[in-house]
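Enquirer: Its first residue numbered 1, the sequence shown is counted upward by one per residue in our numbering.
Treat the hints as calculated values from the structure; they're not laboratory data. C-beta atoms are modelled at their ideal positions from N, C-alpha and C, and glycine is treated no differently. Take the hints with a grain of salt, since some may be wrong.
[Stated by the list, open to error] Pair ranges (Cβ atoms, derived): (1) 112 / 149: 16 to 26 Å; (2) 35 / 98: 43 to 53 Å; (3) 83 / 150: 13 to 23 Å; (4) 151 / 94: 29 to 39 Å; (5) 35 / 97: 21 to 31 Å; (6) 92 / 45: 23 to 33 Å; (7) 34 / 100: 35 to 45 Å.
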Amino acid sequence: MIPSMVEDGRRTRRSRLYDYTDTAVPGPSGTTDDPERGRRQFAALLGEFRRTAVLVPLDPETGSPLTADFGGVRWFYAFSNEGALARFALARGEGEREWPYQRWLGARLLDAAVPAAGVPCGVALDCADGEDGMVLPPVRGIVPDAVAVDAGTEAEDTQDTGDMGDGR
Numbered sequence: 001m002i003p004s005m006v007e008d009g010r011r012t013r014r015s016r017l018y019d020y021t022d023t024a025v026p027g028p029s030g031t032t033d034d035p036e037r038g039r040r041q042f043a044a045l046l047g048e049f050r051r052t053a054v055l056v057p058l059d060p061e062t063g064s065p066l067t068a069d070f071g072g073v074r075w076f077y078a079f080s081n082e083g084a085l086a087r088f089a090l091a092r093g094e095g096e097r098e099w100p101y102q103r104w105l106g107a108r109l110l111d112a113a114v115p116a117a118g119v120p121c122g123v124a125l126d127c128a129d130g131e132d133g134m135v136l137p138p139v140r141g142i143v144p145d146a147v148a149v150d151a152g153t154e155a156e157d158t159q160d161t162g163d164m165g166d167g168r
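Given the sequences, and given the hints that come with them, work out the whole structure.
Expert: As structure tokens, then:
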């Protein structure tokens, strides 16, 4: 079961991304999964996304990549295949119109489009597919540090704990 989060008084499903970033996730038998294993699995998933060409739908009026703002973050829509894009179009009630798109490498979205947005920005992959969809939020390790919303928190964390970062 995927836990839900509450945002603006509404319950929303939690992204699979949290399963990879939580420090300890209880397994089905009550044991705790290895957090390092989860980080490795997420790194592999992120690497695969970066190397894969995804479909980026375009706004029919402007020709710009289609985005949505949610939770203070702008999200680029991306789809792993035409079927996922079609499910998205149908979910929006816009299945009858033509959906122009371009194929972009995931790395292009994360490394070029996200910084160019000028606001906190991430990628919503296959967002009409429920648990099979995924979000890549604007955090360190996913987007360039210069545009990550958590940039600078490492220094703040180190300062707060008194850790000099050199083992002292």
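Enquirer: Starting from the hint list further up, note which numbers the structure goes against and sort them upward.
Expert: 3, 5
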